[in-house]
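Trainee: Each chain, written out:
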Amino acid sequence: MSLKLDPRTKLYMIFVVSAVVMMSATTPFLWAVRIAMTMIPILLLIIEKHYAAAFRFLIFYGTALLLTFRFLSENSKGFLSAFLVGYCSIIVQFMPAMITAWYVVRTTKIGEFVCAMQKMHIPDGITISLAVVMRFFPTIKEEYTSIRDAMKMRGIMLGGGNAAGIIEYRMIPLLFSCVNIGDELSAAAVTRGLGGKVKRTSVQVLKMSAADYLLMLLFTAALAVFVVSKYII
Amino acid sequence: MNDKKLQAKDFITIGIFTALLFVVEFACGMLGFIHPYIVAAFVVLIPLVGSIPMMLFYTKIEKFGMLSIMSVLLAIIMFVIGMGYLGAPLIIASGVIADLIARSGGYKSFKKTIISYGVFCLWICANYFPVVITADSYRKNLIDGGYSVEYCDNLFRAINSKTIAVLLVLCFVFGCVGALIGKAVVKKHFEKAGIV
Numbered sequence: 001m002s003l004k005l006d007p008r009t010k011l012y013m014i015f016v017v018s019a020v021v022m023m024s025a026t027t028p029f030l031w032a033v034r035i036a037m038t039m040i041p042i043l044l045l046i047i048e049k050h051y052a053a054a055f056r057f058l059i060f061y062g063t064a065l066l067l068t069f070r071f072l073s074e075n076s077k078g079f080l081s082a083f084l085v086g087y088c089s090i091i092v093q094f095m096p097a098m099i100t101a102w103y104v105v106r107t108t109k110i111g112e113f114v115c116a117m118q119k120m121h122i123p124d125g126i127t128i129s130l131a132v133v134m135r136f137f138p139t140i141k142e143e144y145t146s147i148r149d150a151m152k153m154r155g156i157m158l159g160g161g162n163a164a165g166i167i168e169y170r171m172i173p174l175l176f177s178c179v180n181i182g183d184e185l186s187a188a189a190v191t192r193g194l195g196g197k198v199k200r201t202s203v204q205v206l207k208m209s210a211a212d213y214l215l216m217l218l219f220t221a222a223l224a225v226f227v228v229s230k231y232i233i
Numbered sequence: 001m002n003d004k005k006l007q008a009k010d011f012i013t014i015g016i017f018t019a020l021l022f023v024v025e026f027a028c029g030m031l032g033f034i035h036p037y038i039v040a041a042f043v044v045l046i047p048l049v050g051s052i053p054m055m056l057f058y059t060k061i062e063k064f065g066m067l068s069i070m071s072v073l074l075a076i077i078m079f080v081i082g083m084g085y086l087g088a089p090l091i092i093a094s095g096v097i098a099d100l101i102a103r104s105g106g107y108k109s110f111k112k113t114i115i116s117y118g119v120f121c122l123w124i125c126a127n128y129f130p131v132v133i134t135a136d137s138y139r140k141n142l143i144d145g146g147y148s149v150e151y152c153d154n155l156f157r158a159i160n161s162k163t164i165a166v167l168l169v170l171c172f173v174f175g176c177v178g179a180l181i182g183k184a185v186v187k188k189h190f191e192k193a194g195i196v
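Protein sequence lines, in the order shown, are assigned to chains A and B. Numbering (the numbering used here) for the first sequence: 1 to 233. Numbering (the numbering used here) for the second sequence: 1 to 196.
It should be emphasised that the hints constitute simulated quantities derived from the structure, not laboratory data. Be aware that a few hints might be false.
Claimed, not checked - Once the Cα atoms are required to be at most 25 Å apart in a straight line, the calculated DSS-like pairs of lysine-lysine come out as:
#1 K188(B) to K119(A)
#2 K9(B) to K199(A)
#3 K5(B) to K197(A)
#4 K197(A) to K112(B)
#5 K152(A) to K188(B)
#6 K109(A) to K60(B)
#7 K112(B) to K192(B)
#8 K112(B) to K119(A)
#9 K141(A) to K60(B)
#10 K197(A) to K188(B)
#11 K199(A) to K108(B)
#12 K199(A) to K63(B)
#13 K141(A) to K111(B)
#14 K197(A) to K192(B)
#15 K5(B) to K63(B)
Stated by the list, open to error - Some residues of chain A that are not near chain B, with every Cβ distance over 10 Å (derived):
#16 T9
#17 L58
#18 R106
#19 G111
#20 M157
#21 M171
#22 V205
#23 M208
#24 S209
#25 V227
Every residue gets a Cβ at the ideal spot worked out from N, C-alpha and C, and that includes glycine.
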């Protein structure tokens with residue numbers, strides 16, 4: 001089964017989750033709302049057959065939650081617990097937003113994304129740049145992996161005894177390849193008519209389906225519940 | 001064709017360098033969880049490390065708007081990963097001002113580039129804004145939300161309304177220092193290779 005969500009719904013999801021992440025949960029009920037909201041993108045990942053990622057996020061988030069609640073309290077002291085607290089609470093804090101962002105980036109085709117942005121009347125410059133950013137993270141990761149392999153082959157660990165080298169040896173090749181890829185990308189995009197004067201049309205026809213409305217409603221409700229029970233009651 | 005307007009190629013360049021800058025920011029950000037003082041040290045780390053891609057980016061800027069758009073993208077990304085919207089105006093403001101400064105030097109003057117990058121680096125401080133502006137409620141939120149008192153105390157000792165001025169200045173200074181280093185690195189590697 002495959003569920004095709006409109007990119008606008010996904011963007012709305014990001015918006016709501018980010019807003020909720022900013023307001024920290026203070027009561028068990030708020031935690032419950034928040035955890036429920038985190039489960040939705042994980043479920044969506046499972047539906048989209050990204051099992052490994054969903055599983056990884058689930059384990060990661062679950063462990064962090066467990067550690068935060070079970071072992072760490074306001075009185076935890078010392079370096080190790082400060083370290084743990086730092087990691088766990090930040091994971092718990094930001095994980096929902098990251099899972100959602102990851103889900104959106106992974107499951108949205110660039111064409112769909114651009115089309116949705118256009119329908120929302122976002123300026124072209126921002127749309128194109130943002131689309132490139134989205135497309136580029138996996139590329140950076142790939143390039144970085146090859147650089148690391150190359151360094152291993154030469155037997156250079158970290159910086160090869162040179163502190164600044166830690167950054168230099170990785171950053172410079174990465175920049176080289178990114179600049180080249182960028183040139184290729186713009187050549188390819190321009191040949192396909194990017195930046196032309198004619199209004200862009202899209203092969204993808206975006207339509208809001210029942211699932212879209214349902215999810216939007218769900219997230220709006222969650223946001224409302226969260227805000228009301230945090231600030232009003 | 002109008003030379004003043006940004007072309008598709010420029011937008012792609014912006015996208016690539018924004019992604020790179022974000023990766024740098026994110027890698028440094030991971031360190032911040034270890035100790036809150038490292039969070040404060042971002043003002044030193046990020047301008048220095050980020051200077052290398054940014055100086056390469058500066059060599060590609062010829063028109064007004066590229067830095068501004070970059071700052072808008074950064075604001076969007078910061079919002080998406082949950083850093084909040086309070087800093088967004090500062091991020092965009094520093095981007096536009098940096099853009100204006102660089103334009104006054106015609107995007108070629110190296111002195112203007114240094115200052116411009118220093119101003120641009122102020123966007124890092126935007127991430128501290130929620131800590132400073134809403135200090136009391138933010139602290140309570142953090143503690144209720146599971147952070148230890150110790151972490152919070154350290155965080156607020158390092159970042160508060162008094163130190164934010166120092167942090168801003170540090171950010172600017174290290175931005176300028178970073179610009180010099182970045183320029184040297186770009187010269188060493190990229191000009192030799194003929195990429196710039």
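Trainee: To test your reading of the hints: which numbers does this structure violate?
Mentor: Structure breaks hints 1, 4, 6, 8, 10, 11, 13, 14, 21.
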